[in-house]
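Single-letter residue listing:
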Amino acid sequence: MKPITSIKSKTVSLQTADIDTDQIIPARFLTTTSREGLGDKLFHDWRYNENGEENPNFLLNNKENKQCEILLAGDNFGCGSSREHAPWALIDYGFKAVISSKIADIFKSNALKNGLLPIVVNKLILEELMNKSGETLLIDIEMSKIITPSNIEIKYEIDEFSKYCIIEGINQLGYIQRHNKVIEKFEEKRIWTP
Amino acid sequence: MLSENDNTLFENVWLEHEVRPESKTNPAIIYIDLHLIHEVTTPQAFSLLRENNLSVRKPNLTIGTMDHSTPTLPINSFKDIEIAGKDAANQVRTMMQNCHDFGIELFDFDSKNRGIVHVIGPELGLTQPGKTIVCGDSHTSTHGAFGALAFGIGTTEVGHVLATQCLLQRKPKTLLIEVNGKLQKGVTAKDLILAIIGKIGVAGGTGYVLEYTGEAIRAMDMEARMTICNMSIEAGAKSGMIAPDDITYDYLYDCPRSPKGKDWETALMRWKSLPSSSNASYDKKISIDANKLTPMITFGTNPGMVVGVNDPIPENSSDSSFNKAIKYMQVSPGKPLNEDPVDVVFIGSCTNSRLNDLKAAALILKDKKIANDVTMLIVPGSQKIKYEAEALGLHEIFLAAGAEWRESGCSMCLGMNGDTVESGKLSISTSNRNFEGRQGKGARTILASPLTAAASAIEGKIADPRKYIE
Chain A
1 MKPITSIKSK
11 TVSLQTADID
21 TDQIIPARFL
31 TTTSREGLGD
41 KLFHDWRYNE
51 NGEENPNFLL
61 NNKENKQCEI
71 LLAGDNFGCG
81 SSREHAPWAL
91 IDYGFKAVIS
101 SKIADIFKSN
111 ALKNGLLPIV
121 VNKLILEELM
131 NKSGETLLID
141 IEMSKIITPS
151 NIEIKYEIDE
161 FSKYCIIEGI
171 NQLGYIQRHN
181 KVIEKFEEKR
191 IWTP
Chain B
195 MLSENDNTLF
205 ENVWLEHEVR
215 PESKTNPAII
225 YIDLHLIHEV
235 TTPQAFSLLR
245 ENNLSVRKPN
255 LTIGTMDHST
265 PTLPINSFKD
275 IEIAGKDAAN
285 QVRTMMQNCH
295 DFGIELFDFD
305 SKNRGIVHVI
315 GPELGLTQPG
325 KTIVCGDSHT
335 STHGAFGALA
345 FGIGTTEVGH
355 VLATQCLLQR
365 KPKTLLIEVN
375 GKLQKGVTAK
385 DLILAIIGKI
395 GVAGGTGYVL
405 EYTGEAIRAM
415 DMEARMTICN
425 MSIEAGAKSG
435 MIAPDDITYD
445 YLYDCPRSPK
455 GKDWETALMR
465 WKSLPSSSNA
475 SYDKKISIDA
485 NKLTPMITFG
495 TNPGMVVGVN
505 DPIPENSSDS
515 SFNKAIKYMQ
525 VSPGKPLNED
535 PVDVVFIGSC
545 TNSRLNDLKA
555 AALILKDKKI
565 ANDVTMLIVP
575 GSQKIKYEAE
585 ALGLHEIFLA
595 AGAEWRESGC
605 SMCLGMNGDT
615 VESGKLSIST
625 SNRNFEGRQG
635 KGARTILASP
645 LTAAASAIEG
655 KIADPRKYIE
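So the protein lines, in turn, are chains A and B.
Counting from 1, one number per residue, gives the positions in the first sequence under the numbering used here.
Counting from 195, one number per residue, gives the positions in the second sequence under the numbering used here.
Bound conformation, chain B alone:
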């Protein structure tokens, strides 16, 4: 169905949520349809509510989970939560208390719905086209894969949404990224988004909402689209969006909290009116040829420092920030990284911890062993994914290969829960940030797809996964 206006997808969603439009002197007041909360960025917001005797305006539009500072080893008692320290355990307790006191549904440790906040929203069908979705977490951009306007906010804004269900916002600009052609075998959504960030840079999207379109995007399943939108923030963007289509609707149809019966029909009608008009205009447009892409890896200390898995690291000695990154990573410009020994392999995070990511890793690891000196951690994005993977026997493949199979959580993506990489060790990770110390003080991180990470685990050095794929 064609839109009856010349709006972009972003504008359609924005306009539907303007409680009050912006003016020269005042920002817009935007209504929020879904507020996801977790234990790390909310305690101070709830304190603000308590100090001012305020309640949560719409508890039923707010959903809580615990993912960042929670252990990924099995939890039998509260003592197991203290594994990451008393402060982490206190934060978890505070979250439970806050959700209880303010009437917010929380996916607790015994809930089969618990998981990484950006994994469970879509999985439950809470993430829907056209919604405005926020969370005190920058990777909220993930939910844009469904055609939602989703973005990360700070703790003060978490308080604003809890108290008023609204946010003050300036309208961002729009950048269209058209991905033409097809991704080749062994090249994934992760490789594509790394290539895009490499092209536009880690500040290339600052001030913009990105919309991804084109043949390669349309061909992707929802999980791959989520990987793309997830890392929009790594290009500095406010949000990343993909117009909903039949793939989106098929994904949502059976989800526990998606609209049912007559509500589904009504929702579908509205969702179909959301995509950008063919006459829509954007502040900026770029295009990328998917046919030419190879598996990508990062070599530096931000996600824009990327090369093809077999390509030499570029030389750029006049740039002091570049030199600082090279020194930290202990890598050599002009040389490829494929001989560097890998110490740790992490498959997980809100970027790449969904069932298809685990299937991809299993495809490579089946009947193989990881290299002797490699520690490999595989952390599903949610408890649901964990059960699904186990039903398929994927965990047996991982365990037989010598990897560790854990409970869900953010885990080694940011090392808040005790899952960390030791100083100086080289980690190849399917997560989203290779910042200095991100996975542990002094840890050196290389970002890659689940395929590349799994192939590297087997070889004990950075490896091109394509030779493992028929």
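Okay, chain A solo, but in the shape it has when bound:
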């Protein structure tokens, strides 16, 4: 994971609530054995018509939205399955952060492990940001704040450890492995049989 300390980009919003991982990437695309190249399948059934052409009514297909790295999404984004293909597809497409009023637990955990920043703000703030969709936001990851073009600072909460891993580009597996002695000790007194 590459270290990342700030994100500056225009926003695009999908206002629908409860966008589940089947919408982010439908199950029929999960037969891959790789984590690469899933961006084409992102929001597939919303993004493309039956004939495979782009649906002109879907916001991400607007030319001016194609370079956006910050997705504003309706409440409870990423609910449903545990497929990590969802953040992989968002990242491969080019997103670096998702801002919503609620983000589902497993999706959030998966996003953080891949350097996609999940930010939760309250509903009123989300609404404000969505009203100004297309503006350029600066996300200062170190200070846990979003800065709007009119210099309004929006503080958000994020788990300290996850933030640290994103800023330093730390692989969490390495962190667990460094505790090998403690794990071995735990295993010695572990009571469960296989």
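Just so you know, not all the hints are guaranteed correct.
To be verified - Negatives, chain A to chain B, calculated, CB over 10 Å:
#, residue
1, L60
2, K96
3, K132
4, L138
5, I141
6, Y156
What the hints assert, rightly or not - Here are the simulated DSBU-like pairs of lysine-lysine, each with C-alpha atoms no more than 30 Å apart in a straight line:
#, chain 1, residue 1, chain 2, residue 2
7, B, K365, A, K2
8, B, K619, B, K635
9, B, K518, A, K10
10, A, K2, B, K218
11, A, K132, B, K521
12, A, K185, B, K466
13, B, K562, B, K655
14, B, K521, A, K123
15, A, K66, A, K96
16, B, K367, A, K155
17, B, K661, B, K486
18, A, K123, B, K478
19, B, K218, A, K8
20, A, K185, B, K456
21, A, K181, B, K365
22, B, K553, B, K655
23, B, K393, B, K478
24, B, K456, A, K189
25, B, K479, B, K393
26, B, K218, A, K185
27, A, K66, B, K521
28, A, K145, B, K367
29, B, K553, B, K486
Source of the hints: derived by calculation from the structure; they are not laboratory data.
Quick caveat, the model's predicted, so the values are computed rather than measured.
Glycine residues also receive a C-beta, built at the ideal position from the N, C-alpha and C atoms.
Could you slot chain B onto chain A? The hints should help.
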């Protein structure tokens, strides 16, 4: 036996698995007792192991099956696996190779133990009270029915568990759901969990572990409890748990991989110390009256959009997400759904594919025919369930009624294996998700119990099963 502390069931299991407790700056390191793996969410994790020259720390705590992208028609050669496409077949091959190379037991196509990952764990007795159980699949919450702490993880975390048998976790909050009273005839665990999700919403459990308790839960057999815990994730919850009791122990006693002899006695002692103390405190509590419940169905595009089977769809025109769902489903607010023609009926999935689910469907379908225009697929949760159902002659009832009887797998729950619902068709399904396109692009899904699904198959429209039950 009363616990000697004031902990909840969840806390008892959590504390026993803390390799290192959490602090303000660091998450806890939690030890995992059982890691279930399947073909869809593991290939990238094994690639990570290979790239870093790592081995699987505890192959004997890891069990593999193949369920998601596998065909449900009989398999005579590898060609039959390609039915869902070359990619699906490649994924299956990769799974076989990975399990072989890393020394993991895999229930292959010729194994009588193969089946849906959340069906076989309990069936084999691998799922036990007090264990921590994970799988790269959100419905891992199913195993909480035994008093295990079980939850779905992503593929990166699958890699963490393979390599270290541990996960980094923040301690979730607890929500107690007390279900008082008794479920009436024709009203099942599926109806109850749909009602609960309808009440708390699809994000109502986010950040929480749910514990289900109360008279109606205690009266349930293990299969019904699994249906309840299975769908905890549909309320956004990390996990769902039910304290073990004599029903749990009776279920496990004869299972092939449950502890035997002296080990059984030791395990039983420990299991009995797990339930929440009567003084335990929860972050939140709610209660539900089971007496008043009717069969439930979903009408929208998430499992929280539920109504009684005869009730009108609510009106909520100011909500754009609600309107989007109504439009997709082609249903009318203010009207009940019971006149809508059904095209497809699916009985299966990790929610409702166990022997009692099949018995319930057979009870309704016996000596009846499904409606002319209905396609009905009945997919047992495991090969073991398939053999048991056939020994009881249930398959003959299904076939005589005009339904298809298949091999085990996830099948039409998520349509990864070629079993899909055509665009625009209305499907009544005993699975767990009615998301847009879940069963196939453009497919419209209504979630229901096996009883309601079977009754609807006969009538060719959504039907109240209670009139078929004496």
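Hints, one by one, checked against the model:
1. L60: Consistent with the label, A:L60 stays out of reach of chain B, its closest Cβ about 16 Å off (over 10 Å).
2. K96: Holds: least Cβ distance 18 Å, greater than 10 Å.
3. K132: Nearest chain B Cβ is 18 Å from A:K132, so the label holds.
4. L138: The assertion about A:L138 holds, with a minimum of 26 Å to chain B.
5. I141: holds, 16 Å
6. Y156: Given that every Cβ of chain B is farther than 10 Å from that of A:Y156, nearest at about 16 Å, it holds.
7. B:K365 to A:K2: holds, 27 Å
8. B:K619 to B:K635: holds, 10 Å
9. B:K518 to A:K10: The given pair, whose Cα atoms are some 26 Å apart, holds under the 30 Å limit.
10. A:K2 to B:K218: Holds - the C-alpha atoms of B:K218 and A:K2 are around 25 Å apart, at most 30 Å.
11. A:K132 to B:K521: holds, 27 Å
12. A:K185 to B:K466: holds, 26 Å
13. B:K562 to B:K655: holds, 15 Å
14. B:K521 to A:K123: Holds: B:K521 and A:K123 sit about 25 Å apart, inside 30 Å.
15. A:K66 to A:K96: With Cα atoms ~13 Å apart, A:K66 and A:K96 stay inside 30 Å; holds.
16. B:K367 to A:K155: holds, 23 Å
17. B:K661 to B:K486: With Cα atoms ~17 Å apart, B:K661 and B:K486 stay inside 30 Å; holds.
18. A:K123 to B:K478: holds, 22 Å
19. B:K218 to A:K8: holds, 29 Å
20. A:K185 to B:K456: holds, 25 Å
21. A:K181 to B:K365: Judged against 30 Å, a Cα distance of about 23 Å means the pair holds.
22. B:K553 to B:K655: The hint holds at about 21 Å.
23. B:K393 to B:K478: Holds, at about 14 Å.
24. B:K456 to A:K189: Satisfied, since the Cα-Cα distance of roughly 19 Å is no more than 30 Å.
25. B:K479 to B:K393: holds, 13 Å
26. B:K218 to A:K185: Between B:K218 and A:K185 the Cα gap is close to 23 Å, so the pair holds against 30 Å.
27. A:K66 to B:K521: holds, 27 Å
28. A:K145 to B:K367: holds, 26 Å
29. B:K553 to B:K486: holds, 25 Å
Going through the hint list in order, the structure satisfies each hint without exception.
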